[in-house]
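Chain by chain, the residues:
There are 2 protein chains.
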Amino acid sequence: MIKTLEWTDGAKPGEAAGIRFIDQRKLPVEEVYITCTTYEEVADAIRTMLVRGAPAIGVAAAMGVALGAKSLKTTDAAAFRREFEHICDVLAGTRPTAVNLFWAIRRMRDRFSAVATQQVATIQAALIEEAKAIYVEDLAANEAMGKHGATLMPSSGGVLTHCNAGALATAGGYGTALGVIRAAFESGKKINVYADETRPVLQGSRLTAWELTKDGIPTTVISDNMAGVMMAQGKIKAAVVGADRIAANGDVANKIGTYTVAVMAHAHGIPFYVAAPWSTIDLETKTGADIPIEQRDPREVTHVGQTQIAPDGIKVENPSFDVTPARYVAAIITERGIAKAPYEKTLRELSTAVVRS
Amino acid sequence: MIKTLEWTDGAKPGEAAGIRFIDQRKLPVEEVYITCTTYEEVADAIRTMLVRGAPAIGVAAAMGVALGAKSLKTTDAAAFRREFEHICDVLAGTRPTAVNLFWAIRRMRDRFSAVATQQVATIQAALIEEAKAIYVEDLAANEAMGKHGATLMPSSGGVLTHCNAGALATAGGYGTALGVIRAAFESGKKINVYADETRPVLQGSRLTAWELTKDGIPTTVISDNMAGVMMAQGKIKAAVVGADRIAANGDVANKIGTYTVAVMAHAHGIPFYVAAPWSTIDLETKTGADIPIEQRDPREVTHVGQTQIAPDGIKVENPSFDVTPARYVAAIITERGIAKAPYEKTLRELSTAVVRS
Numbered sequence: 001m002i003k004t005l006e007w008t009d010g011a012k013p014g015e016a017a018g019i020r021f022i023d024q025r026k027l028p029v030e031e032v033y034i035t036c037t038t039y040e041e042v043a044d045a046i047r048t049m050l051v052r053g054a055p056a057i058g059v060a061a062a063m064g065v066a067l068g069a070k071s072l073k074t075t076d077a078a079a080f081r082r083e084f085e086h087i088c089d090v091l092a093g094t095r096p097t098a099v100n101l102f103w104a105i106r107r108m109r110d111r112f113s114a115v116a117t118q119q120v121a122t123i124q125a126a127l128i129e130e131a132k133a134i135y136v137e138d139l140a141a142n143e144a145m146g147k148h149g150a151t152l153m154p155s156s157g158g159v160l161t162h163c164n165a166g167a168l169a170t171a172g173g174y175g176t177a178l179g180v181i182r183a184a185f186e187s188g189k190k191i192n193v194y195a196d197e198t199r200p201v202l203q204g205s206r207l208t209a210w211e212l213t214k215d216g217i218p219t220t221v222i223s224d225n226m227a228g229v230m231m232a233q234g235k236i237k238a239a240v241v242g243a244d245r246i247a248a249n250g251d252v253a254n255k256i257g258t259y260t261v262a263v264m265a266h267a268h269g270i271p272f273y274v275a276a277p278w279s280t281i282d283l284e285t286k287t288g289a290d291i292p293i294e295q296r297d298p299r300e301v302t303h304v305g306q307t308q309i310a311p312d313g314i315k316v317e318n319p320s321f322d323v324t325p326a327r328y329v330a331a332i333i334t335e336r337g338i339a340k341a342p343y344e345k346t347l348r349e350l351s352t353a354v355v356r357s
Numbered sequence: 001m002i003k004t005l006e007w008t009d010g011a012k013p014g015e016a017a018g019i020r021f022i023d024q025r026k027l028p029v030e031e032v033y034i035t036c037t038t039y040e041e042v043a044d045a046i047r048t049m050l051v052r053g054a055p056a057i058g059v060a061a062a063m064g065v066a067l068g069a070k071s072l073k074t075t076d077a078a079a080f081r082r083e084f085e086h087i088c089d090v091l092a093g094t095r096p097t098a099v100n101l102f103w104a105i106r107r108m109r110d111r112f113s114a115v116a117t118q119q120v121a122t123i124q125a126a127l128i129e130e131a132k133a134i135y136v137e138d139l140a141a142n143e144a145m146g147k148h149g150a151t152l153m154p155s156s157g158g159v160l161t162h163c164n165a166g167a168l169a170t171a172g173g174y175g176t177a178l179g180v181i182r183a184a185f186e187s188g189k190k191i192n193v194y195a196d197e198t199r200p201v202l203q204g205s206r207l208t209a210w211e212l213t214k215d216g217i218p219t220t221v222i223s224d225n226m227a228g229v230m231m232a233q234g235k236i237k238a239a240v241v242g243a244d245r246i247a248a249n250g251d252v253a254n255k256i257g258t259y260t261v262a263v264m265a266h267a268h269g270i271p272f273y274v275a276a277p278w279s280t281i282d283l284e285t286k287t288g289a290d291i292p293i294e295q296r297d298p299r300e301v302t303h304v305g306q307t308q309i310a311p312d313g314i315k316v317e318n319p320s321f322d323v324t325p326a327r328y329v330a331a332i333i334t335e336r337g338i339a340k341a342p343y344e345k346t347l348r349e350l351s352t353a354v355v356r357s
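Just so you know, the sequences run in chain order A and B.
In terms of my numbering, the first sequence has 135 at position 135, counting the first letter as 1, and numbering is strictly consecutive.
In terms of my numbering, the second sequence has 209 at position 209, counting the first letter as 1, and numbering is strictly consecutive.
With the rest of the complex left out, here is chain A (with noise of 0.2 Å):
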């Protein structure tokens, strides 16, 4: 199993807790482990995507609050938390768009209020079982979504996919959308996938590609403007991605291109489906429009590694995320079941129909 993250209690007594997460930005050349043992590391982590994808970045702000608390000193109720407030603050302020991130330190906050008159000792206790939950439920979350939506996959033929929706981009394991690939795969169906690269920072060509090969499931990587052509020639069956947030509406902010991959699914004919944990919906935002999207540093396109692929100086767009209107969205998938048009009902529905196990 793939270890995206994990929490770590430190192998000799006093020796300090962390968060040992691969470091993403090195796949596929190196398998590199980076130990964060402070929540400003941790935060660090998120805002470089040494850890990416809107689960592994929730789970990740979960286990930094958890750890942030540890560390604190105080034993003053009103002092911790004071100090408490300000970890969740800095962890919330690393990236905008994966309402994963907000959900985690949500909850983070409310196991918080529960302890709150109890000893340090015990609410630092209660924070680190609550961030182990969190990463424990987010497993269970891929698979059930993978059992779900294992059934919407084609019995044959090419499956797309958009940067990484797998097991990088989640607790480890399975993935949300790769999770649904996964398990369609081991049903039988003689699926291969069409990996978009993803460009600016590649996560479908360096971790898809990477994780999709270890499990030997047939993987072609290929340029995100080479999809269209593909879906042209009957290559491609069915689109299947993750999310960063999906409005009440059903519409959905993902990965720069995502948009450009429905539009063109729709135009061909093919399903469009999206697979997210049920944190990942956010049925405060009413549409996409009130999704808050991401600029990045123009470096992300302006260079490759070391090499300058544009001029000195060039002006650069670079949204790391688009909306996809929920009409392009055949169905969304996660772990409580499918949704469908009208997503406005289902979601709602689905918000109040299965307890988190």
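Keep in mind that the hints were calculated from the coordinates and are not lab data.
One or more hints might be untrue.
As the list makes no split between identical chains, a pair holds if one copy fits it or if it spans any two.
Restricting the straight-line Cα-Cα distance to at most 35 Å, the calculated cross-link-like pairs of lysine-lysine (DSBU-like) are [said to hold, decoys possible]:
1) Lys12 to Lys190
2) Lys214 to Lys286
3) Lys340 to Lys235
4) Lys237 to Lys340
5) Lys214 to Lys12
Chain A is already provided as a structure; the job is to place chain B on it using the hints.
Just chain B now, with coordinates in the frame of chain A:
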């Protein structure tokens, strides 16, 4: 003026003639010129994309034929013809999609036939003259295309282009699609350009951005997968691209990703234009389905410079071109005028309309 390629007679008496190319593989970081003094070197320059762009490939091939013929030492007519045919065959075998290559070589063969009974020195001089004529005509065609096409450009707003159909894709100077943009800009239209970076070889970010910036035309580089959402946001008012071959029915083979640009433009009600000299139009090819599509080295997809961006041994597709059906093409801009649907009729009409200047 950008000197994409030019014939050089050799600086001193007795010095070899050659073709001086800007090395497009090194741009935009280094502006390096390389002089090829044999036709084999010219063939390599085309194969390795030191020179690329359909019209430029045509001019380079014509000059390559002239250069090869000039270097022949035989005075025997039959031997000369045999060598000449071999030179033509080698150059014709470099790349399969851009029809300008075959068009230019056919012109050189026709010129050869017209003077075949003459002395070798006369034949050699005629072939150099023909290659230089192709060069000069290409420059003139670009200016004419610019003039025609500028009328189609919006009076203000963003214009999307894909790949490089500029000075660097032609004999130099104006370019095809970028000629249209240049002419519109010079005529006072307040347009700004979105340049798709154009994976995998990045002609957009490396070449289009470089040459438009030199001309002071406002240019923004985006990853290919960003163009769709820029259309949805109203930032793009028109799209204009070049072509590698246009079939009799108006289907357009052009750089991979063009099809996606065209379908996305159509979905957003944005006109999609193609600018190409008459030498790109292949009335002998009935539809796009008959155009051979080059598959290039997977390394173009798996590496950028020395940076590896996909796992070892991963399967890759790397079609260098795709075909855009005529129904997505709002107009084809040539030096002979603008053709609109039905292209079978309008292209046929233009073919007999005007004699090359």
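Hint check:
1. In this homomeric assembly, Lys12 and Lys190 never come within 35 Å of each other (Cα to Cα): the closest approach is 47 Å inside a single copy and 67 Å across copies.
2. In this homomeric assembly, Lys214 and Lys286 never come within 35 Å of each other (Cα to Cα): the closest approach is 39 Å inside a single copy and 45 Å across copies.
3. Taking CA atoms no more than 35 Å apart as the test, Lys340 paired with Lys235 passes in both settings, with 25 Å inside one copy and 31 Å between copies.
4. With identical chains, the CA atoms of Lys237 and Lys340 are at most 35 Å apart both within one copy (19 Å) and between copies (33 Å).
5. Proximity of Lys214 and Lys12 under a CA criterion of 35 Å is satisfied intra-copy only: 33 Å inside one chain copy versus 62 Å between copies.
Of the numbered hints given earlier, the model fails hints 1 and 2; all others are met.
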